[in-house]
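Per our numbering, residue 1 is the first one in the first sequence, and the count goes up by one each step.
None of these hints come from the bench; they were simulated from the model.
C-beta atoms are modelled at their ideal positions from N, C-alpha and C, and glycine is treated no differently.
It is possible that part of the hints are untrue.
Listed next, with one range per pair, are the computed distances between beta-carbon atoms [stated by the list, open to error]:
hint, residue 1, residue 2, range
1, Glu429, Leu556, 27 to 33 Å
2, Ser327, His288, 23 to 29 Å
3, Ile21, Ser327, 16 to 22 Å
No farther apart than 25 Å at their CA atoms in a straight line, the calculated lysine-lysine pairs in the BS3-like style are these [what the hints assert, rightly or not]:
hint, residue 1, residue 2
4, Lys90, Lys68
5, Lys324, Lys406
6, Lys357, Lys420
7, Lys261, Lys357
8, Lys407, Lys565
9, Lys324, Lys279
10, Lys277, Lys324
11, Lys540, Lys476
12, Lys565, Lys540
13, Lys461, Lys420
14, Lys183, Lys261
15, Lys461, Lys407
16, Lys90, Lys279
17, Lys420, Lys562
18, Lys183, Lys123
19, Lys407, Lys15
20, Lys420, Lys459
21, Lys68, Lys279
22, Lys68, Lys15
23, Lys461, Lys357
24, Lys367, Lys406
25, Lys279, Lys80
26, Lys357, Lys476
27, Lys357, Lys324
28, Lys406, Lys420
29, Lys90, Lys80
30, Lys523, Lys565
31, Lys407, Lys562
32, Lys277, Lys357
33, Lys357, Lys432
34, Lys357, Lys367
35, Lys367, Lys420
36, Lys90, Lys523
37, Lys68, Lys406
38, Lys459, Lys407
39, Lys406, Lys562
40, Lys277, Lys90
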Amino acid sequence: MDENITGGAPIGLSKDFIRTIIDADNAAGVYGGRVHTRFPPEPNGYLHIGHAKSICLNFGLAEEYRGKCNLRFDDTNPGKEDVEYVDSIKEDVRWLGFDWQDREFYASDYFEQLYDWAVQLIKQGQAYVDSLSAEEIRAYRGTPTAPGTNSPYRERSVEENLRLFEQMRAGTIGEGECVLRAKIDMAHPNINMRDPTMYRIRRLAHHRTGERWCIYPTYDWTHGQSDSIEGITHSICTLEFENHRPLYDWFLEQLGIYRPKQIEFARLNLTYTVMSKRKLLELVSEQHVEGWDDPRMPTICGLRRRGYTPEAIRRFAAGIGVAKVNSTVDLAYLEYCLREELNPRAERRWAVLRPLKVVIVNYPDGKVEWFEADNNPEDPGAGTRPIPFTRELYIEREDFMEDPPKKFFRLAPGREIRLKHAYYITCSEVIKNSAGEVTELRATYDPESRGGGTPDGRKVKGTSHWVSAAHAADGKVRLYDNLFTVERPGDLPAEEDWRNYLNPESREVLTGCKLEPALAEAKPEERFQFLRQGYFVADKQDHRPSHPVFNRAVGLRDTWAKIQKQQGGTAT
RNA sequence: UGGGACGUCGGCAAGCGGUAAGCCACCGGGUUUUGAUCCCGGCAUUCGCAGGUUCGAAUCCUGCCGUCCCAGCCA
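Given only the sequences and the hints, what does the whole structure look like? Please build it.
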């Protein structure tokens, strides 16, 4: 894999704090120079770009330090988890280009070991069965500023705890009647240390262990031990777990087993989208989007369907860096990474999205000339393809203005422009319907300008792409825009509903687009630059050679749009 | 009257006592048969604030201020 796609600070010149820690550990021989990470998703939702940051970090570290990275499903809560999610997660990680080889693990694989260790803690007098109700436990916990109170069951004997815990597992105790708690310190300033819950009773089938268990371990009781079992060296997680690190360390210490090091970094936030699993789930279930892979979603599968490449996402992850400050990255940077990735790679094609017919009155009817168009000016090796030219063509509606403002240098009555790779044409007549809308243009061409230049060397300011009416394939093109109208929809005042800021124009579906013939042969997920428009992908699901469907992944940088904005007008 | 973390350009982010990297965005200008790409230039006398130590501080000390996380039998 190419490690030089950083886009940001060059690797080697400056290291993020995690790599600095690893280097220090290696220098001190802490883990014998070993680097072993893990990506630990809970299978209760689809992966999004924020997870991609973590995946790139964990798998990237393993590659850089010649170590390993495990894929581990943190499946300790059967009420929320499902195989649908584990399958999608595996597919997404693979698509991003990472390989966990045979190291596909599940926290549920460790349930038996975890149970034995819980028994050990009970025997050490460091865990007890509490018969308080959930509400009572909450009340006894105290508040951030006030210490908690010991449960009346806190001093049960080891024997009684052992017997009760066994009954919990056996299923002879009802759901919610008791839990197993670590016995630490109810007055601890860190609330996570106030006798945290280790096991709760849930009469629920688990997607992997089925009906085998009716007690399930909590995250805190599971994560560190799972890391320990797998020999993880650096257990990288997000900032909100910083408060849990003392507990993470405490369990490992009391058990006397191998201790990985937990390191926390800031999760990713992106402008104009939401990243919380709950909101993403609501977008899908309330049908604000068409599914987890809707091209407007920040999910991996959504970005994939939108036309993003794994390389672009990895470039993005490397470019934004890793730190401990909560931050929100500009969506523009993600888009920039895609353009950077696709510009040298994507072949160019011509597509007229909003067609306007042009009849070249002095061009012979029935004549067809074939011109060669470069597949990619950035890559001469990409070759050329033939494009048919005829008397009747389509150009982009916005390439014509009847009454053009200053700085508009495309077609207008009496004006000459170049049809790329073909001829210069001059608009001679504008045809309108009864409503006064322009329906067709008449133009004359200069036979001397064949190929796009003239013997007299006269300059023409605009160059348009075009498609022969007789040869065009009709297609559907979906244009996508920001899902939200505000930069931080996830960061609204409590009484505001983030749904009110959904962008009603986040998707525009264009039908009757005129595509150059070669586009009919596009394969699903094949990406192109539609000249002067942007980067598009043949839809993974809906594209058929007979019914082409393309999604716009990202537009080209558009200086003309900027000028129009400054002039306060529009081109159509 | 708690604990944990973080504050460097509009957004990311280097910097670790020797006098503010880079990227995105933005603003100019050049090239161009994509108003794309590419190229050139501009963009923090200043590092949350205030003191202090030092020949010298974004970097060390002290005190403030601000933001985020924690009271799930979620992860």
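Hint by hint, here is what the structure shows:
Evaluation of the 27 to 33 Å hint for Glu429 and Leu556 yields a pass: the beta carbon distance comes to about 31 Å. A beta carbon spacing of about 26 Å between Ser327 and His288 agrees with the range 23 to 29 Å that was offered as a hint. Between Ile21 and Ser327 the CB atoms are about 20 Å apart, so this pair conforms to the stated range of 16 to 22 Å. Annotation: proposed proximity of Lys90 to Lys68 holds, straight-line Cα distance about 17 Å (limit 25 Å).
Note on Lys324 and Lys406: the hinted pairing is violated, with a Cα-Cα distance of about 49 Å set against a maximum of 25 Å. Straight-line distance between C-alpha atoms of Lys357 and Lys420 comes to about 16 Å, which keeps the hinted pair within the 25 Å bound. A threshold of 25 Å between alpha carbons decides the hint, and for Lys261 with Lys357 the separation of about 66 Å lies outside it, so the pair is violated. At most 25 Å may separate the alpha-carbon atoms for a hinted pair to count; Lys407 and Lys565 meet this at roughly 12 Å.
Under the criterion of a C-alpha separation no larger than 25 Å, the hint pairing Lys324 with Lys279 is consistent with the structure, at around 24 Å. Annotation: proposed proximity of Lys277 to Lys324 holds, straight-line Cα distance about 21 Å (limit 25 Å). For the given pair, Lys540 sits about 14 Å from Lys476 by alpha-carbon distance, which is consistent with the 25 Å threshold. A threshold of 25 Å between alpha carbons decides the hint, and for Lys565 with Lys540 the separation of about 34 Å lies outside it, so the pair is violated.
Pair hint Lys461 plus Lys420 holds up; C-alpha atoms about 12 Å apart against a cutoff of 25 Å. With a C-alpha separation of about 23 Å, the suggested pairing of Lys183 with Lys261 holds against the 25 Å cut-off. Simply put, Lys461 and Lys407 have alpha-carbon atoms about 10 Å apart, close enough for the 25 Å limit, and the pair holds. For the proposed pair Lys90 and Lys279, the alpha carbon gap of about 22 Å is at most 25 Å, so the pair holds.
Among the hinted pairs, Lys420 with Lys562 is consistent with the structure: their alpha-carbon atoms are about 23 Å apart, no more than 25 Å. Taking the CA atoms of Lys183 and Lys123, the gap is about 12 Å. The hint holds against a cut of 25 Å. In summary, the hint linking Lys407 to Lys15 is not supported, as the alpha carbons are separated by about 46 Å, beyond the 25 Å threshold. Distance restraint check for Lys420 and Lys459: the Cα-Cα separation of roughly 14 Å lies within the 25 Å cut-off, and the hinted pair is therefore satisfied.
Only pairs whose Cα atoms come within 25 Å are accepted, and Lys68 paired with Lys279 is rejected, the gap being roughly 33 Å. Distance hint between Lys68 and Lys15 is fulfilled; the C-alpha atoms sit about 20 Å from each other, no more than 25 Å. Our distance criterion of 25 Å between C-alpha atoms is met by Lys461 and Lys357, whose separation comes to about 21 Å. Pair hint Lys367 plus Lys406 does not hold up; C-alpha atoms about 36 Å apart against a cutoff of 25 Å.
Between the alpha carbons of Lys279 and Lys80 the distance comes to roughly 15 Å, so the proposed pair stays at or under 25 Å and holds. About 18 Å separates the Cα atoms of Lys357 and Lys476, which keeps this hinted pair within 25 Å; it holds. Between the alpha carbons of Lys357 and Lys324 the distance comes to roughly 56 Å, so the proposed pair goes past 25 Å and is violated. Under the criterion of a C-alpha separation no larger than 25 Å, the hint pairing Lys406 with Lys420 is consistent with the structure, at around 23 Å.
The straight-line distance between the Cα atoms of Lys90 and Lys80 is roughly 18 Å, inside the 25 Å bound, and the hint therefore holds. Between Lys523 and Lys565, the direct Cα distance comes to roughly 37 Å. Violation of the 25 Å bound is thereby established for this hinted pair. A hinted pair counts as satisfied when its Cα atoms are at most 25 Å apart, and Lys407 with Lys562 qualifies at roughly 12 Å. Using a Cα cut-off of 25 Å, the hinted pair Lys277 and Lys357 is violated, with the two alpha carbons roughly 47 Å apart.
Taken as a hint, the Lys357 and Lys432 pair is honoured in the structure, with Cα atoms around 12 Å apart against an allowance of 25 Å. Taking the CA atoms of Lys357 and Lys367, the gap is near 17 Å; set against the 25 Å cutoff, the hint holds. In summary, the hint linking Lys367 to Lys420 is supported, as the alpha carbons are separated by about 18 Å, within the 25 Å threshold. At roughly 24 Å between alpha-carbon atoms, Lys90 and Lys523 fall within 25 Å of each other, so this suggested pair holds.
As the CA atoms of Lys68 and Lys406 are separated by approximately 60 Å, the hinted pair breaks the 25 Å bound. Under the criterion of a C-alpha separation no larger than 25 Å, the hint pairing Lys459 with Lys407 is consistent with the structure, at around 15 Å. A threshold of 25 Å between alpha carbons decides the hint, and for Lys406 with Lys562 the separation of about 14 Å falls inside it, so the pair holds. Straight-line distance between C-alpha atoms of Lys277 and Lys90 comes to about 18 Å, which keeps the hinted pair within the 25 Å bound.
Comparing the model with each numbered hint stated earlier shows that hints 5, 7, 12, 19, 21, 24, 27, 30, 32, 37 do not hold.
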